[in-house]
Amino acid sequence: TPITWRSPPGLSKFNACDEINGEPDVFDSSTALVMAKNPSACSILIRRWACADSCGQQALISVVLPIVEQLSYHPHAHVLVTALLNSGTAVQCRQITQELSRSAVLLAEDVYGCVVIQQALLRTEASELLVSPLIAHLVQCSMHPCGNHVMQRLVEVLPPSRLSPAVRVVCQFGVKRLSLNKFGCRIVQRLLQCCTMNIVSPILDDLQQCSYDLIAHQYGNYVLQDALVRGRPEDRVKICSDVLRCDVISLRNDRCAHKLVEKCVCVL
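For the sequence shown, the positions run 1 to 268 when my numbering is used.
Honestly, I wouldn't trust all of these hints.
Stated by the list, open to error - In silico BS3-like cross-links for lysine-lysine, where the CA-CA straight-line distance does not exceed 30 Å:
| id | residue 1 | residue 2 |
| --- | --- | --- |
| 1 | K259 | K176 |
| 2 | K176 | K37 |
| 3 | K259 | K182 |
| 4 | K182 | K263 |
Treat the hints as calculated values from the structure; they're not laboratory data.
Whenever a hint applies, use it, and build me the whole structure from the sequences.
Structure representation (structure tokens):
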């Protein structure tokens with residue numbers, strides 16, 4: 001039974017997925033754009049993608065590629081792009097990501113585009129195309145409400161040996177400045193969590209110079225908690241010493257610092 005919905009211009013018949021024999025309707029990019037922006041039609045496109053054979057899927061990719069950036073900014077259409085990235089072949093993912101890479105930073109800072117970029121980063125076959133443009137704007141994206149999620153994903157998916165450029169950018173900008181930022185602190189945390197000691201040591205060195213100022217800060221204290229757990233013995237000594245310089249009783253009652261104090265007690 002055909003799905004009942006108001007057809008967008010250019011499409012009068014679009015049946016349910018279970019009636020497909022692997023050959024999707026032939027339509028152009030402008031029709032696909034209109035469909036993808038309609039929540040019901042977008043769902044049909046996704047189901048057709050899932051049911052189509054390899055030729056049918058490649059046909060849809062060819063139609064979507066010219067408009068993939070437009071789709072990625074849309075509240076409904078971006079779901080189609082994430083579906084293609086999630087289940088497409090390695091070649092198809094690279095084709096899509098190549099188009100996205102031209103506007104990687106703008107997409108990373110968009111509420112829907114950031115979801116698409118994160119999905120692309122999860123595909124190792126395609127993520128390499130996004131590394132350079134994102135690292136070049138690491139600080140800008142890290143301090144953005146949407147962009148910081150993309151940068152966190154980037155740090156998580158890259159091999160630790162590839163994180164040196166990110167550490168270098170953070171240190172050049174200032175570890176303290178980023179740690180005091182509501183969103184930027186998350187990137188410093190991810191680097192502490194994901195990097196090997198030889199790569200992350202410049203961040204730890206900088207934290208030694210500013211740890212006292214971060215103890216009771218609403219964002220900075222989270223960075224110190226990770227440094228305390230994952231840092232070197234000298235980092236633990238420095239952080240614990242700074243805590244002992246303060247009024248520990250007050251810190252234990254402080255909504256920001258009490259978790260850090262508890263972790264200091266555990267490592268002493």
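Evaluation of the provided hints:
{"no.": "1", "hint": "K259 / K176", "result": "holds, 20 Å"}
{"no.": "2", "hint": "K176 / K37", "result": "violated, 43 Å"}
{"no.": "3", "hint": "K259 / K182", "result": "holds, 18 Å"}
{"no.": "4", "hint": "K182 / K263", "result": "holds, 22 Å"}
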